[in-house]
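Plus 1 on top of the position in the sequence shown (first one is 1) and you've got my numbering.
One or more of the hints may lead you astray.
[What the hints assert, rightly or not] DEER-style ranges, computed between Cβ atoms:
(1) K145 / D354: 23 to 33 angstroms
(2) W51 / E169: 31 to 41 angstroms
(3) H11 / V363: 47 to 57 angstroms
Honestly, the hints are just simulated from the structure, not real lab data.
Each residue gets a CB set at the ideal place from its N, CA and C atoms; glycine is no exception.
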Amino acid sequence: MATQLSPESHEERVYNGRAWEDFCDGLKAAGQVIFRPEAPDTMLDRAEGWRWLTRLTRAALDMAVEYGDPAFPGFYQLSNHTIRIGADNPDNTYFNATITADHDYKISGYRGTAPILTFGSKANRYAIDGTMATTGEIDQRTLKVDENGYFEIIVSQKEHPGNWLRLEPDSTMVIGRETFLDRATEKPCAIKIERIGRVGGPPPLSAKQIDEALQETARWVHGTAKTFADWAQLFAKDPNDLPPVHQAMSINGGGDPTIRYYHGYWELKPDEALVIESEVPDCVFWNFQLNNYWMESLEYRYLPVHVNKHSARYRPDGSVMIVVAAEDPGVGHFLTTDGHATGTMLLRWVFADSDPQPRCRVAKIADLRAGK
Numbered sequence: 002m003a004t005q006l007s008p009e010s011h012e013e014r015v016y017n018g019r020a021w022e023d024f025c026d027g028l029k030a031a032g033q034v035i036f037r038p039e040a041p042d043t044m045l046d047r048a049e050g051w052r053w054l055t056r057l058t059r060a061a062l063d064m065a066v067e068y069g070d071p072a073f074p075g076f077y078q079l080s081n082h083t084i085r086i087g088a089d090n091p092d093n094t095y096f097n098a099t100i101t102a103d104h105d106y107k108i109s110g111y112r113g114t115a116p117i118l119t120f121g122s123k124a125n126r127y128a129i130d131g132t133m134a135t136t137g138e139i140d141q142r143t144l145k146v147d148e149n150g151y152f153e154i155i156v157s158q159k160e161h162p163g164n165w166l167r168l169e170p171d172s173t174m175v176i177g178r179e180t181f182l183d184r185a186t187e188k189p190c191a192i193k194i195e196r197i198g199r200v201g202g203p204p205p206l207s208a209k210q211i212d213e214a215l216q217e218t219a220r221w222v223h224g225t226a227k228t229f230a231d232w233a234q235l236f237a238k239d240p241n242d243l244p245p246v247h248q249a250m251s252i253n254g255g256g257d258p259t260i261r262y263y264h265g266y267w268e269l270k271p272d273e274a275l276v277i278e279s280e281v282p283d284c285v286f287w288n289f290q291l292n293n294y295w296m297e298s299l300e301y302r303y304l305p306v307h308v309n310k311h312s313a314r315y316r317p318d319g320s321v322m323i324v325v326a327a328e329d330p331g332v333g334h335f336l337t338t339d340g341h342a343t344g345t346m347l348l349r350w351v352f353a354d355s356d357p358q359p360r361c362r363v364a365k366i367a368d369l370r371a372g373k
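Let the hints inform the model, and build the full structure from the sequences given.
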């Protein structure tokens, strides 16, 4: 339930501290998501749930407070290696900017060498109804880049020649996704965003700005937490499978329309493994990742919890066998559950010529070691 605000003016609320109190009360209310009866109640899942809320709070403060003025935008990261949201892609670098369709913007910079670079305009409604619908898209297939790797994109409602990212009246965010096959060898892009026609700097912070930003932060944390807890609850109805039925939901939740998403939920005993086998389409990129219940990617910086087109070990026929377990059975491409008994997972086919359906089964680790 949303926190009811006092009828005072923004100036009164900021001066007497009610703006801060309502912000804190909103964050406290978001904690009820962690106590949902459907959520696992192990100490690990509970601890990760509280950490997740702190991460969402940091992300929302960046979005609403530090980068919340659409007249003076800048790129920040709503997801990164310490803020993980909605099955964030371990192979991505994300770029986010707060914008409004009332202004025109320019994204400029150098392309880099990662195989995929996409930009989408979004209607960010996580704080309202848990959606982030796409309102415009441009990607590396049509992006015009000069001989030095430099490019510019105009972001506007009115169509523009050259590189153009469409805005709709309800567009409030730009999301960039840079996807790497091998971060060790590929060069990242270097980009910025600016409002066209900007003169000078922003005015001093107003009571209205900080009050609205604090309340938006609390609403966004609660709305985002509820959205992805709802998703996990839905996926848990069909455990240890990767059904293709959630594509529209993925796109409506802020996903990239060039990606085919296969979300799922895994639940394994200590002596069990989830075996995932699939043909691989002709595609620019694919990957598979493990997440915790709260749909945060597991610790990909240090552990084998995801695999992509470049890192995968393929079978002679070009297919892949991924094995998810608490310990390595010595077959297939092993990914660790990292102390979790349950969690969510995601397979992506990106710019693919077909959508092979992965096959999933639960096996005993001992049987896999024995070649059964």
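Among all the numbered hints in the text so far, which are the ones the structure does not match?
none
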